[in-house]
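*Asks:* Here is how the chains run, residue by residue.
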Amino acid sequence: GQQLNQSPQSMFIQEGEDVSMNCTSSSIFNTWLWYKQDPGEGPVLLIALYKAGELTSNGRLTAQFGITRKDSFLNISASIPSDVGIYFCAGQLSGGADGLTFGKGTHLIIQP
Amino acid sequence: GAVVSQHPSRVICKSGTSVKIECRSLDFQATTMFWYRQFPKQSLMLMATSNEGSKATYEQGVEKDKFLINHASLTLSTLTVTSAHPEDSSFYICSAADTRKYNSPLHFGNGTRLTVT
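If you read the sequences in order, they're chains A and B.
Note that my numbering gives residue 17 to position 17 of the first sequence, counting from 1, and the numbers run on in steps of one.
Add 112 to a position in the second sequence, counting from 1, and you land on the number used in my numbering.
Honestly, the hints are just simulated from the structure, not real lab data.
There's no promise every hint is true.
[Claimed, not checked] Far from chain B, by Cβ distances over 10 Å, these chain A residues were calculated:
1) Asp18
2) Gly40
3) Val44
4) Gly53
5) Thr62
6) Gly85
7) Gln92
[What the hints assert, rightly or not] Straight-line distance between alpha carbons at most 30 Å, and here's what the computed DSS-like set of lysine-lysine pairs gives:
8) B/Lys153 - A/Lys70
9) A/Lys51 - B/Lys213
10) B/Lys153 - A/Lys104
11) A/Lys104 - B/Lys213
12) A/Lys70 - B/Lys126
13) B/Lys176 - B/Lys132
No residue lacks a Cβ here, since even glycine has one placed at the ideal position from N, Cα and C.
Make the full structure from the sequences, and use the hints.
*Replies:* Okay, structure coming up:
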């Protein structure tokens, strides 16, 4: 099936730093989503993107849907300890009818 | 917001037995639900698409006779792992989107940790 390349795999940062992660795909998606997963729990939706070029914010989080529809990035500003977790990008071909293809995740670790 | 409930959250069973996992959409209807599997420190992999009132569609490499899916109502899909073996031990997660809303994003249940001994 399709693969999403998500990077970086892990990030060790200091509290207060900004974070950036991205996903690229060899094929286009019509929807890009970003999720955060805490240990032992299901992923929680952070941001959903539906249009190429769309830039959307959710508090300290900002994500963009690439113009080519083959990439997306997620930025977190002024990181705080509760931002720790694994962040997944996911692509979807059509809303609701298709399952998601997930990236391999970015493990965010914040050092006090 | 959309809530997806999954039950049980953890189950331990003996090799050869069957286990049923339920996925419910609590405040919306979902004609389609999705089942994923996640091994430790790995990403989520789509197993199958559960379709209300019709047969599920399975991803390549997923045995339909081993992972039985039933989507009998607009708010409930079940995944039954039949004749479970230790290699089936994994984290199973379902997701659903509100059928009535265009471009409604997929929300996930909290997952079921299956351990087969």
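*Asks:* Give a verdict on every hint.
*Replies:* Structure-based check of all given hints:
1. Asp18: holds (24 Å)
2. Gly40: violated (7 Å)
3. Val44: The claim breaks: A/Val44 does not keep its Cβ more than 10 Å from every Cβ of chain B (closest is about 7 Å).
4. Gly53: holds (16 Å)
5. Thr62: holds (17 Å)
6. Gly85: At roughly 13 Å from the nearest Cβ of chain B, A/Gly85 sits farther out than 10 Å, so the non-interface label holds.
7. Gln92: Not fine: 7 Å to the nearest Cβ puts A/Gln92 too close to chain B.
8. B/Lys153 - A/Lys70: holds (25 Å)
9. A/Lys51 - B/Lys213: The hint holds at about 17 Å.
10. B/Lys153 - A/Lys104: Between B/Lys153 and A/Lys104 the Cα gap is close to 9 Å, so the pair holds against 30 Å.
11. A/Lys104 - B/Lys213: Holds. A/Lys104 to B/Lys213 sits at ~29 Å (cutoff 30 Å).
12. A/Lys70 - B/Lys126: Given pair A/Lys70, B/Lys126 is violated - Cα atoms ~44 Å apart, limit 30 Å.
13. B/Lys176 - B/Lys132: holds (14 Å)
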